[in-house]
Structures are given as C-alpha cells and as structure tokens.
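*Asks:* Sequence:
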Amino acid sequence: MALFPAFADAPKPGKTPANENEDPKRELNWLINSSFRNEDALRVHQHSLEVTDLASEKSPLFQSQLELSGESEAGESFQKPNKKRKKKKHHHKKVKKRSKREYCTGDSESDIEDGEGGRNKGNEGVESNLGDKTSDVISHSIWLDDVQALTAELFRTDKKPDPANWQYKSLYRGNIARYKRRGDFCLGLDQKRQHIIWENSTAEKKRSHRRPERYYTKDGLKLVNVDSIPVRSKSQASPSCSGSWIPVSQVDTDDVPATSSVNPLGIYDPLTTLWLQGKGPPENDASKQEEPQVICENGNSGLRAKVEEYNRKVREDPTDVKMWMDFVSFQDELMKAPSCYSISDGEQEKRKRSFRLVLEKKLAILEKAVESNPNNVDLKLARLKLCTEFWEPSAVIKEWQKLVFLHPNNPALWQKYLLFCQSQYSTFVISKVHSLYGKCLSTLSAVLDGSMVSHPALPGTEEAMLAIYLQQCHFLRQAGHSEKAVSLFQALMDFTFFKPDNLKDLPTRGQVEFFEPFWDSGEPRIGERGAKGWKAWMHQQEKGGWIVINPPDEEEEDLEEEQEIKDKSLPKWQNWLHVERSRERRHWLPWRPDKTKKQAEEDCEDPERQVLFDDLGPSLIRISSRDLQFQLLCSFLQFLGVPCGCRLLPSFIYMAMDENDIFDHGQHKQSPLSSFDLPLSGVSCIGQMDSIAQGRKLIGHSKEGEEFIQNFFHTMLPLFSGEEKSKLSNYWLQYEISKVIQCLKTGNKKKLKSQGKKSKKLAKNLLKAHENRNNLSLWQLYAYLEWLLGNIEEARKVFDTALSMGGTAGPSNPQLCAVSLLYAELEAELLESLEGALESRATHILTRLTEKGPYVPYGGQILPVSILKARKTYEHLLQDYLNKNSAPDPEQTIISRHLISLVGCYALFQYITLGINAAVLICRQACERLKGERLGSHQTFTTAVEALTLMHTSLLCYHMKTSVYPLRPLREALLEALKVYPSNQSLWRAYIQVQSKSHDASQARRFFDSMTRSTKSLEPWLFAIQAELMRKKLVESIQRVATGDVYATIPETGLTNRIKALFERAIETENGAYCPLLWRLYIHFMISLGNKEKGKGLFYRALQNCPWTKVLYMDAIEYFPDMLQEIIDLMTEKELRVRAPIEELELLLED
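Residue numbers for the sequence shown follow the numbering used here, beginning at 1 and rising by one.
Hint data in this document are derived by calculation from the structure and do not stem from the laboratory.
There's no promise every hint is true.
Derived DSBU-like pairs (lysine-lysine); straight-line CA-CA distance at most 30 Å [said to hold, decoys possible]:
#	residue 1	residue 2
1	Lys504	Lys543
2	Lys757	Lys745
3	Lys572	Lys597
4	Lys1134	Lys1092
5	Lys1094	Lys1032
6	Lys566	Lys535
7	Lys727	Lys535
8	Lys306	Lys398
Fair warning: this is a prediction, and the values are worked out from it, not measured in the lab.
The whole structure should be built from the sequences, with the hints applied where relevant.
*Replies:* This is the structure:
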C-alpha cells in the first residue's frame, strides 16, 4: 500500500516500468516510502487490541510493576535521540504548547495521561519483540522523526460521549487541529489545467483592495470642504482674470518633459516616465507624502479662520447680539465639516458628530452670550429653545415663568410662552392655557395703562394684544369651546364700541369691573335680538332700569330640529361623529335663559353652553386705535365665515389653519377672469368640523347662526359712516354671494333658488338705504349676483344703471373703473374667441369709460376712431398715476385701488383689440414700475403689485382656455410672482394647476425646493405636497381601470416616498410643527395607503404638537373606530369639548 494512493501505480525502485521504451519517472521516487510494510501495520493493530484486553484483567499491583520496569527501560531508550529533539524543539513550539494546553488542563486529564502511560508500559512487557520501537511510545512526547514504523498507540480513542455535539452543528474549534497552508496549490495537480478553490482564503483577503469611495463619504466631504487654490501659469501677469471666461494659457516650457525612448511624444510627466523605465520616484520627492497634509490643512484652514474670527469679534464686542447668534448658527456648518482641532487623522475619523454635541456647544455659547447681555430677550429665547432638548417640561416651564416675570412688557415673549404651554402635551389642559391667556392680556393691559411702573410699554403693544386675543379665540374654537370663543368676541365688541363716555378715562381693570354687572344682567348682547349695547344699558340704569315698550314677536318659529341619529343600524362610532358634528354646527352660540319663555339657568341641558364672566373677564383689553377697532370687527366677521378683506396676523395664522379647502377654495371655475376669491382659505369658520376627505358639505350656518349674523350687521352698521359703512355693507352682500357660489359648486338647485331669493332681497334692501343709493360698489355686487344666478339681461340692466350713475367722471372715478372692469370681464368671458371682439359689448364698455360724457348702452357699432382715442387716453392716465408723488397714508389705499382698476381696464382693452402680448406688456410695465418706486415706501403698493400679478395670471389662464398658447409665459409669470409673494394662495393654486399639465415634474420640484429653503411660509410646503398628490392620483387613474385591475405599465417612480419625505420635512419646520392642517393631511395620506399603524403613530405625534385641536381626535375616531372610548377619554382628560358623551349616545340608540 502506497503512502500516497494517487501515485500507487508509480514504478517502485528496482523494478522496470511497464513500457520499457519509456524512461522511468525518477522525479517521483521521493513519494515512495520504502520502510512502510502492510504486514507490520496489521500486526501492530492486532497486538494493540490484545494488550487492551490483557491490561483490563491484570491487577493494580502488576500494573505498577510494569510501570516501574517501563520507566527504567524508557530512561535508557530515550538517551540517544536527546540532541535531535532539542534541535527540533524550535520548529514544533506551537504544537507542544497546544498539546500541553489540551492534555494538561486539569487533574482528571493528568490522570488519564498516567493511565495511558501505564498501558504503554504493560504493552512493552508483553510484547518483547518490538524492542526499542515500542519503548518510544512510553514517552510523553512522540516525534515522528524518532519512530519510523510506530506499532503502538498513535491516536487516542475517547469513548466518553460529548453531549455538546448534539447541541451544536460542528465540533468545538479547540479540538480541531490548526495548520497553515503554504500557497493555494495542491501536490500532484497540473497547474495549467487543474485548480482548487479554497474557502475562507486568508491570502485572498489580504489581496483584496478597498472599494472606491464615493462623494458622500467622509473623505469625499473633506475634499468638498477644501478651499480652492488658484492655479496659474508662470507667464500669467495677474492671479485673477476679470472676465466671464477663463483663458487657456500656454504651457510653460520649463515644465515640458524631455522626449526619450519610453516617452517619444513628450506627453508623460516625469513620474510616469520613471515608472515606464522601471525606476521609482526620486528620494527627495515628498509630494506624495505631503498631499494628504496639504488637503487637510487647506480644508481646515478656512474653518479655523472663521472660528478665530468669531471668537475675536465676540471678545472685542460682547454686546453684539447678532454676532452671537451667527456664531451659534455657525456650529451647524462647523459640525458638517471635519474638525479643525483634531490631533491626527485617526481622531478626525473617530470623532462623533452627534446632534447632542452640537446642542451642547450651542448652549455653552448662548450661556456666555447671556452673561454678557443679561437683558437681551432674543438670546434668552434661543437658550430656552435649546434647553427643551435637555430638560424636563416642568423645568422648562419654570424657566419660562422666570423669563416672563423679568420681561412682562414684551408681547413677542408672551406669544412664544403661550405657544410653548399650548403645545406641551404632558402638561396641557384647556383650563390652564385659557387662564394663561387671561393673565397675559391683563398684564399687558396694566403695562399699556401705566399701572405697572417698573416696565414701560413697548411700541406695537396694542396691536400685539389684539393678535393674542384673536389667537385665544381661535384656540377655543379649535378646542371645541365655541360658546366661549363667541362670548369673548361679544364681550370685546361691547367693551370697545358701546363703552360709556364717563368710563373711557379709567384704567382697563376699572372698566372691566363696571362691565361685569352688564354681562351678568341677562340683557341682550351683540348679535342677539334686541341688543342695544353696554352704553344704553348704563344710561337706562341711571334713570331707573329698563322699560319694555315693544313686546316680543310672537310669530311661531319654524325651527326644525335636525334628527341627530338618522340610522341606528350604523356603527356606534359613525353615529357619535354625526351627533357630535351636528351639535357643533347648531350649538356654537352660548345658551342663555329666555325670559319670555320663563327659562332659568337650571333648564340648560348642557351646562358647558353657559359662559360665566370669570371665563372672559381677565382677557378684556382696551383698543383705542380706530384702525384696530375696525380690524377687530372684520376679524369677528371672518370668524363667523363672512368674507372680508382682513387677514389673520402671521404670528398665528398657521396655528389656525385646519381646513383643506386651501387647494380649491370658493372659486367659480367657469369664470377665470371674474373669479370671486375668498381670503383666508384654510381657516374654518365657527361650527365647522368636517372630515378631511369629504370637506365642507353644508352651506352657511343654521337658522340661529344666520339670524345672529343679521342681527350683528344691523347693530354695527349705524356706528359707522362713509367708507367703513360701505365696506360693511359690501361684506354682508359678499357673504350672500359666497353662499350662492357654494350652491353652484355643489349643484344643489333647490338650495340655489331659495338662497338666490334671500340674497337679492338683501341687495335691494341695502340699495334702498339713502346713503347707499349712489354706492357703485353695492350696485356692482348686485349685478354680479344677478349674473351668477343666470339672469344676464337683468344683470346688464343693473350694470348700465350703475355706469349711468357715474356721470362724466370717466376713468378718474375709482368705483366707476371697478364697475366697468367687472362688466367687461363678464362680457369677455361670453366670447368664444377674439374674432369679432372689436364689435363686442366689452369693447364698447371700455371705450365709453374714456369718453367724457354720460354712459350710453351698447348699440351694436363701435367706431375705429373711438378705439384709437381710448388707447391714447388709457396710456396717458396710466403714466400720470405711475408718476404721481407719494400721497398721505389715508389716500394711499384709494390710489392703489384706482391704479389696479385702471391697469385692469387698459390690459383688457389691449387684449380685446390687439391681443395677449399687448395686454401682458401693460401688466409687466405697471408691476415693474411699482416694484422699483413704491414697494419700499408703503405697504399698500405691495398689495397693488400682488393684485396686478393675479390679474396678469388670470388673463393668461383665460387666453389659454379659449385659444392655443404655450405654457411658458404663464409659468414664468407665476414663478416671478411667487418669489416675491410666497404666501399668496391664489398664485400657488394657479401654479400647481399649470404644472399638472406638464409631464416633467423636475422643474417644479426644483422650484418648490428653492422656495422652501428661502422662506418661512408654509404655503410652499403645502402646495408642493398637493402637487405630488395630484401627480400620484393621475398615475393611479391611468393604471387603474373601471374593473379594478391595476396595470403597472407606468411606474410610480417613488411618488409615495417623495410625499412622505415632504411631509416629514414640513413638520420639522417651525410653522409646520404647529399646523393642524398639515398633520391632518399627513395622517389622511398614510391611511389612504392602508398603513393604519403608521397613521396611528402619526396621530400621537400630532398630539405632541397640537393637543388642542379637536378635529384631530375626530379624524382619529374615523380612522381607528376601535379606539372610540380611548380617544373620548383622552379628550375628557385634556378638557376638550365633548358634546355627545358615550352614555347619552347609548340612550339615544336604545330609544
């Protein structure tokens, strides 16, 4: 048997090969072991079995004798190979260590070794024919070099089972012999044709190269942060070039490499030439070693210089607050780059750029800044904002209280404090926040009155107090406490407009004490039937009480109680939502006992509907400015759902946004030129808590609510005169028109007919008033109402009557310009194309406006000379208004409104007579002129430019609807306008409508991204999300057919993930975190994807930031019906208004 079976057929020494003609393979002789014999191996194996049986039968005494004799013989037999073992000791060092660790780790193992040695000695005594070979086996160490043919125990047989082998999948790695493989080849294989693939090759790991690093790795970011080094040739005179292009200079002759055999063209650099010659770089070439250091130094030098500069500036001028704030903001940029203070490259790599580390560095800087500026509020606010990341909410509230105590006269600080307390879910309770609003307003009132001598009133305190008051009202509305919000408005309206003259000089606290008896007297308040006001009540009290002259009307009220539960078979959560929304819509007015029906306070079924004076007394403020008083009135009308020109202050407008009609609000889509746009979309009115998916269904309010609004107008109109009274009348009629437009959108013809009658009746009643007979704005709204109802001939008669009343003033009359513009726009919308437009009624209206004479109705013929004269007149009038010097503030509004109407008439005239390009040119010239001269001087002209931009885009939209026209001009106009007015919702609506027609979304996405980075407004985020949702809906409509099958021919291209990322980035902004509308849209989107668990998590995240918003809880009940009881308990815990308790609902279902 051969030692290597693969070579068993090789010829043995001394034998001739099978083929005599073939030479023997002498190189394989070393593989033949001549000393190996098969007979010896068999004899040793049989003898070992006999010795084992014999040793088990022998006594211990006999075994000990064998051991003693064996030791003596072993001493003699192991004397000769001593030197050889010492020589081999160095080579087998690791093997001996392993055997020692493996066999000598315990006492039991040593005993086994002794037993093995004893058996070996016994074998020696029995088999004497083995001689010296057998005596070698007795040694503790057996060397293969010493024994040529070992006939005794080469391997041990462990008969004791190891239970670990049943538990693990392989043997213990310590029991497996280790070895090192020298090379990857195997003996006996043809290297050219045969190869073995080794697993877990260590040599392969050593030879593996590092993967190429991408640009976003740490090393790549270092290269991005490296300051650029100017490179120029030696022959270039100046280091910088003052041109729009970089000249390519000639290569220096000194740097041209010499030609050689390996570089015949001279195109290789010196190092490449040396490499081709087989030589290494010169010894003095240190460029390779200096390169990383240069990069590191260049990358860190700029950051180190900035840090040193900031430190120097704040050290030289520690009172520079802006520099401290810039230094804090610089920490974000510093942490993105590699540290410029690390000792080595390894430390740079290992340094953790954690978020907490950045906050700690910022906090340390701000603490030093506060020490240098102890009276600066901005630094303290920034420090408190950082402390919210480290401290508990209770500790942060204590710090806020200290800060407010030190600066009680700072309204901006109070607003931030209120927002913090309002958005802390762990400590939030409605009653606490409501009382905190009262404390804030009472403190600021004391400061404004001069009662708090220690702190003077800051500029703008009165306006800020009104903003805080309005914020409190919307807070109560969103929390479901509509009765308290309406009572707050009623109280302040009486407190402001019906204050007795003898109390006006008293401080606010004294006036409130006199106001309390009137509030508790039970007399009618603002908006209620028979209300006369606080002043009349005080005057009558001095005379001896009220005398009822007119008995109350005894006409029967047709108040039909709405059936709260329509279908008892519906699930409980649906019935609860229906009852809750129904009561929210009908019961937003505070309940008061009706004396005519002999009611008492105990007769109220829901005690929460009663509002006590203690709930509103601390919040009453004194408003002395006439403009702010009218702004309060408009804010209350807006709160009730009446459209008016005022807008909520930007300090809390996003907190009040909770309705999704921001994307499609109140516009009549069939009339792009004369669209009736309602301001303040996104903020729901009182009593509206509809689902985000269904939107607002009902039009207007209940009968009680409509009566309340009518009584309010009847009470407030006599208090004003002139322009303010005209505005109030317009607001009332606009409210009726908005309900007509809502009926047109919903297609409810029955409701449209009844609503049209009511609106026409109101318009006629307003025009019958003596002061409104010549009010052209009311005539304009009445004609527009007739036009919407489909009575075009009646509307034309009203328009002609209004223009005839204007006299011979012509375009110099602002109201006449506005009426002519609306009339011409409505007539232009009836034209299917511009063919024959020169003879149209719209051209006649705009032409007659420029003629100094009474208006003549359209006769069917227009002279070309009249058109030329009208164009020249418009041109001269526009130049005169644009060149006017700045007028006083009261006249700025009139001039602005007149300019808008005049430019609109001129642009529409040019569009009808010359085309779209001439009209667009007029709008652009007017906008550029106003931007350059008037934008910085007065805020009114900013509104004028915004209105002209809307007019420009509306004209382009109308032209694209009626004829073929590219999208690019409209898109460019919208982009330019949105960069200036990022909060204009009408412009954003037009932009996403334009972008929805384009297949390429990359341009819109880049624009949205740039806008979100450059402004703090939330509108870019909201409309960016809406644009992606519209695109996703379009893709799904193509993929999904009527049968329900989905065809994935058009990939989704990651729209879902993009929308999620937009939502996440939006809620991380300062305004987005506290916007209920944004959270509602995000939760609805996740539910629409079918991910309820994610939606539930978002609901709880929303509560962490907006715990006061009741509509969030109602949405959660709609999305997660099984959590009905849990969510209602949560609302009760936070003291949100629950109008239909579960117990009452169960009783209603049983009846």
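*Asks:* None of the hints should be skipped; say for each whether it holds.
*Replies:* Hint check results:
1. Restraint check: the Cα-Cα separation between Lys504 and Lys543 comes to about 20 Å, which is no more than 30 Å; the hinted pair holds.
2. Simply put, Lys757 and Lys745 have alpha-carbon atoms about 18 Å apart, close enough for the 30 Å limit, and the pair holds.
3. At roughly 36 Å between alpha-carbon atoms, Lys572 and Lys597 are farther apart than 30 Å, so this suggested pair is violated.
4. Proposed proximity of Lys1134 and Lys1092 is supported: the alpha carbons are some 24 Å apart, at most 30 Å.
5. Straight-line distance between C-alpha atoms of Lys1094 and Lys1032 comes to about 20 Å, which keeps the hinted pair within the 30 Å bound.
6. For the suggested pair Lys566 and Lys535, the alpha carbons sit about 46 Å apart, so the restraint of at most 30 Å is broken.
7. About 25 Å separates the Cα atoms of Lys727 and Lys535, which keeps this hinted pair within 30 Å; it holds.
8. Taking the CA atoms of Lys306 and Lys398, the gap is near 36 Å; set against the 30 Å cutoff, the hint is violated.
Hint violations for this structure: numbers 3, 6, 8, all remaining hints satisfied.
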